[in-house]
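Protein chains in written order, with my numbering: chain A, 1 to 401; chain B, 1 to 325.
Hints may contain errors.
[Claimed, not checked] Partial list, derived from the structure: chain A residues whose beta carbon lies under 10 Å from chain B:
1) Arg23
2) Thr35
3) Ala134
4) Glu192
These aren't lab readings, by the way, just hints derived from the structure by calculation.
Bear in mind the structure is a predicted one, so any value in this text is a computation, not a measurement.
Cβ atoms here follow ideal geometry from the backbone N, Cα and C, with glycine treated the same way.
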Amino acid sequence: MTTLTDVPAPVPVPAASPSPDHRGSWIPTGPMIRTRIMELRKRRGLMITMALVMIGIPTVFLGIRLLLHGVDPKTYGPAGGYDIYTAFVSGVLYVFGFILAATLGVTAGSSDLTDGMFRHLVVTGRSRLALYLARIPAGLAIIIPVVAAGFTIVCAVCVFAAPTRVEFNGLRVPANLSRAGLENWAAGHPSEVICDGPNVQIGPNDAGIGTTIQNFPCNNGPNPGGGPTITKQGPGPQAQPQPVSHAQAVQAARFIAGENYGDYTRHFLYPSYSLMIKSGLWLELEVLIGFVVGLGLGSLLGQRTVAVILLIVLEIVLTPILSRAKIAHLINLQRAVVGLATAHLAPGGLPVLGGGGGGPGGGGGNPGLVPESTTVAVCVIVAWLVGWSVIGAWRMMTRDT
Amino acid sequence: MTTTTVPALADERATESQWAVETHGLTKRFGNNVAVNSVELLVPRGCAFGYLGPNGAGKTTLIRVLLGLTHADAGTMSLLGYSVPRHRAAALARVGAIVDEPRFHGHLTGRQNLQILAAAREPAARQRIGPSLERVGILHRADDRVSKYSMGMRQRLGVAACLLGDPQLLILDEPMNGLDPAGMHEMRDMILSLVAEGRTVVLSSHLLDEVERTCDAVAIVDRGQIIRQGPISELLAGAALALQVECTEPERARALLDATNIGALIQVGEAGLGISLPVGTARDAIAEINRILVEGGISVYRLQQIQASLESWFLSVTSRLGAEE
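Working from the sequences, and respecting the hints, build out all of it.
Structural data, given as structure tokens:
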């Protein structure tokens, strides 16, 4: 090898220009996060798809229901209400929220590699870990508001366009009445309340009410079989059939309404505020998981298509199967599925994983799911979040480009 | 929190070092294939340095190792006096580089791509986006999507990305690719202007003519090894001496010269004799050839020394090595 024997005379070099920065720090800077948001936001196809699915579907579907109900309320039921809410939250927003968040995560994790920008970024000297971590707040800053917007639309319609009458033990009763309001309504509809109303328990001090109910002429006769079931608890012989005055009927109807007010309030017309808050947070948790897992998988594989397909299969095929099939030898493996853990954290009243009913106990109370404690569910979710972040960051830091 | 605050000692070394790039025994293997083989490379500061080699010689791999895009298997290296990978962040803060074909986010504009890269650099880099785009001549297309850029425009955008960090060292891998003749001319001028500002430009290329026009010094790499390096003038001085002789009776002139022990390779052509003398032949040999011809009764109308080109020298070096093997 020839060595340099006569190199050109060194020329004065420009002063070291870079101002002090923390280029080796693993903490991403604000501008890095902002430009990363811009990069994702400018992906029009992805952004339009997200908006269409998370905002467009609820808007169009609920809008049509609102319109139809407005035109012909007797044929078409109210647009909102509790049932619509649960269907949207645990169906559309839950499943598609995960898939879209995962797609966004995969895109964020792989786009620099596939577009050839990763080399440019590494050559800046910026920590690769910081480059990776900048994608997390950037992606979440996009997907969380989109999901929140769709969820807000669903909540608004379900609350403000909820049914005004509740189906309550065979009666159609106005919604949201106070105890006095319900009693007053019952006083105005004694025949419906006594003949078609709910069960009522008659105590020893209310024997007269029981007699009234029993003697009330339902279907052109006394009421031996129809109407409220009267459980007599007082002593004494059964009263003979007597004509029932209007005042007695009103008194009996008020009594029945008062006795059933607690049951009446438990009938959901629209989701409670606490349920909406809990399910909103639960949806965002699902979205967070989808994004972080997608980011890690996208960074690991370095490409988008396979990663997105894998996550869709996980969400809509494997998770429902593994959550419900009771395989004794694989029970702990099933518990490690993040979708199952998320389902166990579902707020009360939401059916999860493709239906099956949630009930007041939420996903954890869903007898169809593989049993899992809340602690285990939380640990599984944390493990998935941390694990995929570590895998993605490791691949990012060790990848040859 | 870790920071890149460079130790004072490293800063001193960085200032004192006369080498922009310095490698010793640098080796990179891919399985059994040694892509970079014990490379000893010294690139002086403040010059345009050509890194030449045929396709597959290991040029891009060496650049990737220098920039931390892949790790070295053996050896040491430093950029601007900063040992890398130990002080990689501090070194790369003063380096701009294009590796392979410059690619960007196609759905973003040129300006937006630079914004992403500037955000990863120091805060002042954001102020340099406009001037960098202007300097490479694509300011008028800065707000068009990169997917609509030609290859040449992407090359220019790549150079603009290099300039964001106000670099002391630019490493440009095949920067002329995709440029039309006018673009190549502009790129050459730009490189020369960067060098005139005191920056160091390492130009990896297989376009020997462009390197010869642009660079002060070169290193020739073949099969992962540097086989020659030094200032171009010095390297060419060691090249074979070529003469063009216009005379009467060229065939007899050839016979006269063949009968001597000059060791020249002689070809007869329409323009006269083409004479190639071995490397290291003294200039006195030219006078000796003239004397032999004149004494042999040959009229010599013109005797001209042909300046060896980098291309001919490169080919002679690499082909000789090939023949030796």
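Hints that the structure is at odds with (numbers, increasing)
4
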